[in-house]
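Protein chains in written order, with the working numbering: chain U, 1 to 219; chain R, 1001 to 1219.
These aren't lab readings, by the way, just hints derived from the structure by calculation. Don't be surprised by glycine CBs; every beta carbon is placed ideally from N, CA and C. Just so you know, nobody snuck in bad clues.
To spell it out: a stretch of chain U is covered by chain R in this simulated footprint if at least three of its residues, at any positions, have a beta carbon under 8 Å from a beta carbon of chain R; those stretches are: (1) 61-71; (2) 80-92; (3) 165-176.
Number of protein chains: 2
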Amino acid sequence: MERIFDIELKELKDKLVHMSRIAEKMIEISLCGLVERNKELASQVFEYEQEVNRLHIEIDELCIKLLALRQPIAADLRFITAAMKINSELERIGDQSVNISENTAIYLDHPPLKPLIDLPRMANITKEMVIDSLISFVNEDVGLAHAILRRDDEVDNLRNQIFRELLTYMLSDATAIQRALCLILISRNIERIADHATNICEDVVFMTLGKDIRHHMGK
Amino acid sequence: MERIFDIELKELKDKLVHMSRIAEKMIEISLCGLVERNKELASQVFEYEQEVNRLHIEIDELCIKLLALRQPIAADLRFITAAMKINSELERIGDQSVNISENTAIYLDHPPLKPLIDLPRMANITKEMVIDSLISFVNEDVGLAHAILRRDDEVDNLRNQIFRELLTYMLSDATAIQRALCLILISRNIERIADHATNICEDVVFMTLGKDIRHHMGK
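Please work from the sequences and hints to get the whole structure.
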C-alpha cells in the first residue's frame, strides 16, 4: 500500500515538473521574441513569470510542510531538500528569461544587426539542458545528469565565440555598438540559465547518490 | 539549560557568519584589484573561493544532518531551511567575485579607461548590503532586512547610470569599446551580488516572521 507521504512526494514532483514546463516556455518565447522581432511576446513572458513566482512560493511551502509533518530521513529528506533547491533554480531561470525579454525590447528599438550569430543555437542547447535536467530529476537518472553537466562547456564556448564576433562588429561599426551590447547581455542571460540547469543536475546527483559533486569535491 | 540542538544551531549560524566574512573579503579584494590595477589580487580571490566552496558543502551537510537528527518544527525548521538558502546565496556571491576578477584581468590588459565611474561606489553599497544582510540574519532583524531591500533600487540606478556613461564612451571612441565592455560586465556582476543580498533578506523575513515576502505576494 502506498504511504500518504508517497502521494505527497509525487505531488511535489508534479508541481516541479509543471513549473519547469513554464520555465522552458519562457526561454522559448523570450528567444522567439528576439528572432521574430516581436515585442508582444515579451508580455507573455511577464505573464508566465507571475505563474512561476506563485509556484515558487507554493512549492517552498509544501516542502516546509512535508519536513515538519513527515520528519523525513535519508532518501526522502534528500528528495525534499533537492526539491527546494530545484525550485529556486527554476524561479531564477524564469527571471533570466524576463531579462532576455527586457534586453530584447531595447534591441528591437533599433534596426536588426544582420545575423543573430549563434544566439538561437546557444538558447536551444540551453533549453534542452533545462528539459533534460528535469527528466534526470524525475527519473533519478544520474547518468543523464552527468551528460548535461558536460554540455555546459559547449554553452560556454558558444558564449565566448558570440562575444568575439559581436566585439568585432562593434569595433568596425559604431552604429552596431548598442545593438551588439544587447546581444552580449542576452548571451549572458542564456549562459546563466545553463548554469541553473547544471545546478539542478548537481542536486539530482546528490539526491540520488547522497554524494556531493559540487565544486568537484565529491569526485 | 541549553539544548544540544541550540548549540548545534549556534554552530550553524557561526559557520554562515564565517562564510559571509570570506565572501565580503572576496568582493573587497576583487574590486581592489580593479581600482589598484593589481592582477595579483585575483589569485587571492581564487584561494578564498576554495574556502567558500568547502564551507558551502560543509554547511549543507550540517543542515541535512540537523533536519534528519533533530526533526525540527516551526521556528527551528525555518531557521535551518533559511540557512540552506543563505548558504547558496553566499556561494554565488563568491562566484560573482571570481567573475569580477576574471573580467578585471581582461580589463587590465589594456591602458586604463580614465575614470572607473561609479563602479567602486556601487561595489561599496553592495558590500554593505551583504554585511548588513548577515547582521539581519544573526539578529533576526526584520527592520534591517527591509531597509536593505530598499537599497537595491540605489544599486539598480547606479547600474543604469554606469551603463549609459560607458555606452557614451564606446560611441565616441572605438578604442574604449573593449575596456568599457569589461566594466559593464563587472557592473552586472556587482548587481547580481546585490540581488543575492536581497534574497538573503527575504529569507531572514521568512525565517523570522514565517511570512513569504518574495515576489511581493506576502506583502
